Structure formats: C-alpha cells, structure tokens
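Asks: Residue numbering for the sequence shown follows the working numbering, starting at 257 and increasing by one per position.
To be clear, the hints were calculated from the coordinates, so they are not data collected in a lab.
None of the values given here were measured: they were computed from a predicted structure.
Honestly, I wouldn't trust all of these hints.
Claimed, not checked - Straight-line distance between alpha carbons at most 27 Å, and here's what the computed DSS-like set of lysine-lysine pairs gives:
no., residue 1, residue 2
1, LYS301, LYS269
2, LYS292, LYS269
3, LYS290, LYS272
4, LYS301, LYS290
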Amino acid sequence: MEMANKDQFLWNKPIKNLEFHELEQLRVSMEELKIKMANRTEGLKRAPMLSSSIDINQVGRTEDEGVQ
257 MEMANKDQFL WNKPIKNLEF HELEQLRVSM EELKIKMANR TEGLKRAPML SSSIDINQVG
317 RTEDEGVQ
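Could you put the whole structure together from the sequences, leaning on the hints where they help?
Replies: Written out as structure tokens, the structure reads:
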C-alpha cells in the first residue's frame, strides 16, 4: 500500500478524496487482507487447544510436588 502523502496512508484518507488508481490499490489491498485473515482464521481453528489439555495449576510442578 502506497502512502498518499508523507503522513497519510490511503486507507486514512476519505474515500471521496481518492482517485481511481488509489481506489483500485485500496481494493486490492483489502482483498489481500481478507485472504490473509481467512487463512489465519482457518489455521487457528485447526490448531490444538493447548489450554483445554493442561491444568494451569500443575504447570511447572514435578511428581514430587503432586503432579499425577
């Protein structure tokens, strides 16, 4: 994503102030973001749930300290 000027990214400018080529760049960037977010969401759905299989109260303890 290109900067619209020194201090402002395209997505920070009001849409009505964007020119056609800037709108096209913004659209492409939004589509790429949508794909990345969908991929990340799927990855998280498939990841094992670590917290559901570990008793947080037993983390760091040894058998001598009562871990069964």
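Asks: Each hint: holds or not?
Replies: We went through each hint and held it up to the structure:
no. : hint            : result
1   : LYS301 / LYS269 : violated, 34 Å
2   : LYS292 / LYS269 : holds, 23 Å
3   : LYS290 / LYS272 : holds, 23 Å
4   : LYS301 / LYS290 : holds, 16 Å
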